[in-house]
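Work the whole structure out from these sequences, hints included.
First to last, the protein sequences are chains Z and L.
Just so it is clear: in the first sequence, position 338 is 338 by the numbering used here, and no numbers are missing.
Just so it is clear: in the second sequence, position 205 is 205 by the numbering used here, and no numbers are missing.
Hints may contain errors.
Heads up, the list lumps identical chains together, so a pair's fine if it works in one copy or across two of them.
Taking lysine-lysine and the DSBU-like style, the derived pairs with C-alpha atoms no more than 30 Å apart in a straight line are [unchecked claim]:
#  : residue 1 : residue 2
1  : 122       : 324
2  : 236       : 123
3  : 352       : 130
4  : 357       : 29
5  : 122       : 69
6  : 236       : 122
7  : 362       : 29
8  : 122       : 362
9  : 122       : 241
10 : 147       : 320
11 : 130       : 236
12 : 241       : 69
13 : 123       : 241
14 : 171       : 130
15 : 122       : 297
16 : 297       : 20
17 : 40        : 236
18 : 236       : 29
19 : 362       : 20
Think of the hints as simulated: they come from the structure by calculation, not from any bench.
Number of protein chains: 2
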Amino acid sequence: MPEDFIVTPWEVTGEVDYDKLIVKFGTQKVTDEVLQRIEKHASPLHVMLRRGIFYSHRDMNWIIDQHEKGNTFFIYTGRGPSGSTHIGHLMPWILCKWLQDHFKNKFYFQLTDDEKFLFEEKKTLDETKKYAYDNALDIIALGFDPKLSHIFLDTEYIHNLYPIAVKVAKKITFSTVRAVFGFNQSMNVGSIFYTSMQAAPAFLGSVLEGRNVPCLIPCGIDQDPHFRIARDAAEKLGYFKPALLHNKLLPSLSGSGKMSSSIPGSSISTTDTEADIKKKINNAFTGGRVSVEEQRKLGGNPDVCAVYKYYLYMFIPDDKELQKRYDECRSGSIMCGECKQNLISLVWTFLKDHQEKREKAKDVLEEFMLRD
Amino acid sequence: MPEDFIVTPWEVTGEVDYDKLIVKFGTQKVTDEVLQRIEKHASPLHVMLRRGIFYSHRDMNWIIDQHEKGNTFFIYTGRGPSGSTHIGHLMPWILCKWLQDHFKNKFYFQLTDDEKFLFEEKKTLDETKKYAYDNALDIIALGFDPKLSHIFLDTEYIHNLYPIAVKVAKKITFSTVRAVFGFNQSMNVGSIFYTSMQAAPAFLGSVLEGRNVPCLIPCGIDQDPHFRIARDAAEKLGYFKPALLHNKLLPSLSGSGKMSSSIPGSSISTTDTEADIKKKINNAFTGGRVSVEEQRKLGGNPDVCAVYKYYLYMFIPDDKELQKRYDECRSGSIMCGECKQNLISLVWTFLKDHQEKREKAKDVLEEFMLRD
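In structure tokens:
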């Protein structure tokens, strides 16, 4: 029987069963014990950890061990610049910022302009570079420490990435990328090579420091296949395997699958206006009933509701308040219209502030960009 | 029936039938008409053109057309730095130098340290880089104009090459490299991508000048498959297809196949001592008879003789003198021993001078190296 959902770095469709994904990808569940170990160094726990949004990992215990031995990790994550940043993209970056605040890590952020050019038929390299610089503002806006944080485009930092990437590439066969990503023989040879480029920054901290430095990669679970390959290569190259901390994907506003820049209504972009947000959230899929009367009587279903997911993932960080909203929905004491207005207000408050920081980021962009 | 010879960029075995190769690769024979067109601009013709060592081409008429219209070509060739340069490698470089003397072309020389790392299991990138710098001395020693000539290593010039390479890569599928090079699924993903890197410099002149500049690639016929791919990609990318001028491969001293750095006795390295040369040439395969008596009576066979091939390809540039040697061999008036001593003397004269120039090249290396 075919799976009823697909999760690859380039495609997320269907209702994702995240527990099944842990089994399929061979990762570990983030247990209370793992959370407690993190909390010893970073308290209080970030809401996305507490609520199991970051729910899966590889080698988190080892990362904490290393930190406790004084060999702390650097953080690496990235973004494929195919369009505007949307709110779902921010989730791992927000966690990176929180980690940096507590662990004082170096932070490397990869903008894969080559990837988006290679994988999207109609995109030019000029376009993906333009998006990369636009997306960089969103990263900076989150407040990373400029002394510890470095952002780079693959095509601009290639002189440092390529020598690492070819070492990784030498350890990966076409059979492997075929098995891991489902590639066929009609894939272009750049896209076949590309996973080596995404693996490379996992070893960048070690290469730049000339010693083996642990690496932690917070990222969407859909990116795990790249790093499974990176971990295999790491062993063969004598580097530490990168550790991972995976988040569930912020669902589409239209109700199923991951948010996607390519389906405009499904996601909220960080550059959206208040009017855009209103329109998108007002059109969102909810767990409401066919009529107000029925909803007052039977209550709504927050468990399938895109609006509720936004609260759960990011926009109501207070647990009691979230529980209250859940109960109000279930009991039929709040209608979808009101609930949506509330989300519109919270998202716009967040984005207005983010957009101001984004503007200011333009002045300090160069401090963050890694080119030499 | 399987072919009795194999010619790929990574393997040349068997007695190569060069006429068959023209048919197989779909190239054109260098005709008298083509030679006359070249000679109009570069007279007298180089001995390797006159003698059909450079025997095959793609679009040479077009290259001359462009030159005559005032849109002259740049020259691109290269070397996979897996060991010392040997005399066979010099042949296309010598032709490039001769072309530059007459046509005043810009000259780009690619040292594919990434390729040799990716394709040779045991080679490290440090080793291939070391060989690249060593090989660069042989290029410079040939006397290229430092103002017009640029040498680069792939890993060091990657910031300019990679953006071109990914554009090429996007136009090439795994099916294509499988068909052209015979790759299977157990090839590493770096080697699958690599042909895009070898294609890139064919468009470098155009990228750097911001206009479409014709490109001529003199190279061993074994490298043609890469440039067939580059030519296909060129059309799709809006660049001129690179033109090619292919040489036959200097045969192995041991009698069949191409000279190879990996079989020491089969080739003469540019850094060999006089003693090395003596040993190698004295052990060379010849067209001699089983005994001196028989040879005096029946004559030798220069057509199968590795020593004669050295004369033909490079070491007796005077046609009358070459014919005399041919006749002396056929008539049994010269024995292999004497003929070998003569070649040893000619090769050592050439190499002693080359080695002096190679030493001096160290002082000007930086003038030639393209890194920015």
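Evaluation of the provided hints:
no., hint, result
1, 122 to 324, "neither (47 Å within a copy, 64 Å between copies)"
2, 236 to 123, "between (35 Å within a copy, 15 Å between copies)"
3, 352 to 130, "within (23 Å within a copy, 55 Å between copies)"
4, 357 to 29, "neither (35 Å within a copy, 65 Å between copies)"
5, 122 to 69, "neither (49 Å within a copy, 35 Å between copies)"
6, 236 to 122, "between (36 Å within a copy, 13 Å between copies)"
7, 362 to 29, "neither (39 Å within a copy, 59 Å between copies)"
8, 122 to 362, "within (28 Å within a copy, 47 Å between copies)"
9, 122 to 241, "between (35 Å within a copy, 23 Å between copies)"
10, 147 to 320, "neither (37 Å within a copy, 74 Å between copies)"
11, 130 to 236, "between (36 Å within a copy, 23 Å between copies)"
12, 241 to 69, "within (17 Å within a copy, 58 Å between copies)"
13, 123 to 241, "between (33 Å within a copy, 23 Å between copies)"
14, 171 to 130, "between (32 Å within a copy, 22 Å between copies)"
15, 122 to 297, "neither (50 Å within a copy, 73 Å between copies)"
16, 297 to 20, "neither (35 Å within a copy, 85 Å between copies)"
17, 40 to 236, "neither (33 Å within a copy, 57 Å between copies)"
18, 236 to 29, "within (26 Å within a copy, 47 Å between copies)"
19, 362 to 20, "neither (42 Å within a copy, 61 Å between copies)"
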